[in-house]
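Protein chains in written order, with full-length UniProt numbering: chain C, 1 to 303; chain B, 1 to 303.
Just to be clear, a hint being listed does not mean it is correct.
[To be verified] In silico contact screen, one side only, chain B against chain C (beta carbon under 7 Å); selected entries:
no.: 1; residue: PRO57
no.: 2; residue: GLY213
no.: 3; residue: TYR257
no.: 4; residue: MET262
It should be emphasised that the hints constitute simulated quantities derived from the structure, not laboratory data. Beta carbons are placed, not taken as given, at the ideal position from N, Cα and C, and that holds for glycine.
Protein chains: 2
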Amino acid sequence: MKWPDKVTIKEVGPRDGLQNEKEIVSAEEKIEWIDALSQTGLSYIEITSFVNPNWVPQLSDAEVVAKGIKRNPAVTYGALVPNMRGLETALEADIDEVSVFMSASETHNRKNINKSIDQTFPVLQETINGALAAGKSLRGYVSTIFGCPYEGKVPIEQVFMVCDRLFDMGIGELSLGDTTGIANPRQVEEVLDLALKRYDRNKIALHFHDTRGMAMANVLKALDYGITSFDSALGGIGGCPYAPGASGNVATDDLVYMLEDMGISTKINQAKLLDAAVRIQQSLGKKLPSHQMAVYSEQLKGV
Amino acid sequence: MKWPDKVTIKEVGPRDGLQNEKEIVSAEEKIEWIDALSQTGLSYIEITSFVNPNWVPQLSDAEVVAKGIKRNPAVTYGALVPNMRGLETALEADIDEVSVFMSASETHNRKNINKSIDQTFPVLQETINGALAAGKSLRGYVSTIFGCPYEGKVPIEQVFMVCDRLFDMGIGELSLGDTTGIANPRQVEEVLDLALKRYDRNKIALHFHDTRGMAMANVLKALDYGITSFDSALGGIGGCPYAPGASGNVATDDLVYMLEDMGISTKINQAKLLDAAVRIQQSLGKKLPSHQMAVYSEQLKGV
Numbered sequence: 001m002k003w004p005d006k007v008t009i010k011e012v013g014p015r016d017g018l019q020n021e022k023e024i025v026s027a028e029e030k031i032e033w034i035d036a037l038s039q040t041g042l043s044y045i046e047i048t049s050f051v052n053p054n055w056v057p058q059l060s061d062a063e064v065v066a067k068g069i070k071r072n073p074a075v076t077y078g079a080l081v082p083n084m085r086g087l088e089t090a091l092e093a094d095i096d097e098v099s100v101f102m103s104a105s106e107t108h109n110r111k112n113i114n115k116s117i118d119q120t121f122p123v124l125q126e127t128i129n130g131a132l133a134a135g136k137s138l139r140g141y142v143s144t145i146f147g148c149p150y151e152g153k154v155p156i157e158q159v160f161m162v163c164d165r166l167f168d169m170g171i172g173e174l175s176l177g178d179t180t181g182i183a184n185p186r187q188v189e190e191v192l193d194l195a196l197k198r199y200d201r202n203k204i205a206l207h208f209h210d211t212r213g214m215a216m217a218n219v220l221k222a223l224d225y226g227i228t229s230f231d232s233a234l235g236g237i238g239g240c241p242y243a244p245g246a247s248g249n250v251a252t253d254d255l256v257y258m259l260e261d262m263g264i265s266t267k268i269n270q271a272k273l274l275d276a277a278v279r280i281q282q283s284l285g286k287k288l289p290s291h292q293m294a295v296y297s298e299q300l301k302g303v
Numbered sequence: 001m002k003w004p005d006k007v008t009i010k011e012v013g014p015r016d017g018l019q020n021e022k023e024i025v026s027a028e029e030k031i032e033w034i035d036a037l038s039q040t041g042l043s044y045i046e047i048t049s050f051v052n053p054n055w056v057p058q059l060s061d062a063e064v065v066a067k068g069i070k071r072n073p074a075v076t077y078g079a080l081v082p083n084m085r086g087l088e089t090a091l092e093a094d095i096d097e098v099s100v101f102m103s104a105s106e107t108h109n110r111k112n113i114n115k116s117i118d119q120t121f122p123v124l125q126e127t128i129n130g131a132l133a134a135g136k137s138l139r140g141y142v143s144t145i146f147g148c149p150y151e152g153k154v155p156i157e158q159v160f161m162v163c164d165r166l167f168d169m170g171i172g173e174l175s176l177g178d179t180t181g182i183a184n185p186r187q188v189e190e191v192l193d194l195a196l197k198r199y200d201r202n203k204i205a206l207h208f209h210d211t212r213g214m215a216m217a218n219v220l221k222a223l224d225y226g227i228t229s230f231d232s233a234l235g236g237i238g239g240c241p242y243a244p245g246a247s248g249n250v251a252t253d254d255l256v257y258m259l260e261d262m263g264i265s266t267k268i269n270q271a272k273l274l275d276a277a278v279r280i281q282q283s284l285g286k287k288l289p290s291h292q293m294a295v296y297s298e299q300l301k302g303v
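Using the sequences and the accompanying hints, generate a full structural model.
Take a look at the structure:
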């Protein structure tokens, strides 16, 4: 199969990236950063999470951020929403797309959401129904597709049972999550061989973390299967709660660099992307782990 | 084509990695580190370079290091040799394999070796003849295969002209070098499509740097072509003289992790590899850029 001509990058830095960063970033800085992201050519930004602030203190300003940003009409602004309570706030803040999430692993789901998988379905169904009634599109994240920090390998039947249910409930896109960054290209092949027999390729996104340095190879393998939607976080911010010191999401700037260099269009301006990365680097007060930022930071020093 | 069942990793950290590190490492520390590498299961270690010490002060102790290490009979010990003078010292130190090097780009070759490509051939022929007469095997590095920092894209005919000459001179293995880490998987595909029509797959190694974060994806693409020999440097040491702040060679520990995780045998013990990496991390006094070392260093802190 030929590689796709164009790919959509879904920027999850303001949500998945930040929620794993210890240094608290102010709402004002987040807004300025997201406004910079909105000017890069990105067509999708997941800006925050409407979970209970006690769970994720970094994102306790969800409503302020969602209401404070300057909307670019060319960008879809998504947010993570765990339940009806979160949905009410998200709708008030006029989020464009609602993301729901759960885990394919029973133990990870319990640790993450404090519910069994069976207990999670009705909560998500209610949330999805509410979002659909409000005219919102829906995205579903399924975590630990390629392995769970508690259970190890997750049976593929279990993965598909959860994915089937989310599609049945009405999600438009399913993001297959390598939550702990342990997928290798052979696993990506095994999962996509089966998943693409079951689901429409255009409804599948891949969500890689770079914990073990395999994210870019996994992206390449997914491109071999014609996948055209990838989640990433600018600068590679975030990390892995199960592997302290590890890298976070695959870096948007690295991903865009590789895709554009391969002649695969992302419609993203790389110079603007690096400018936006410098903002969040300053807010976090640490060197971001992406390769493009390592090169760019040295270039800036030289100026 | 199916991925290979096993792959040979050629550790080039003590030469290609170190020569790009500013912090001078003592001969004693190098010897202890190479002795640790010799116990990891690696079958090939390039231990130094017998170039003029004025060119690469970091490796001015080549003879001391080569004579000081404990040889493991299961390991081939290679070294870079630029000319007859270097060869004499290398033979005195009883190096197992001799590596010669040149660039596919005229400008890069002149800047690196101070000779034109045409002027380089007779010097390498003399060195190769001398090494073959001494019963040594030969490896050839060709740099800037995928692009040159001075000339940009290097015509593939020019690349093959240089490679042809090296094979004609008697090298056993050719290492195709992405010297500045700018190759992308599409280029790897383009080069290997042509190269493997011309040369025996078993005589081709790939040598990637991770400047732009594409090295692991490039390795995967090369595996698609059945390549079974890769150069790498433990911990990802080194860097890129043309992109300060950038990563060095693809990291041996990251490469071995991915390959073994994919079920591709390297015969390398990953725990011993990380122990050896801790040594050089201490000598260099800085955090090594590999992903496995980021995770491992945090685990050590926790002890």
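Against the structure, the hints:
Given hint, B:PRO57 at the interface with chain C, is violated; its Cβ is 22 Å from that chain's nearest Cβ, farther than 7 Å. For B:GLY213, the interface hint holds, since its Cβ comes within 7 Å of a Cβ in chain C; the closest pair sits about 3 Å apart. A cut of 7 Å between beta carbons decides the hint on B:TYR257: the least distance to chain C is about 6 Å, and the hint holds. Using the Cβ-Cβ criterion of 7 Å, the hint placing B:MET262 at the interface with chain C is satisfied: the shortest such distance is roughly 4 Å.
Comparing the model with each earlier hint shows a violation of hint 1 alone; every other hint is respected.
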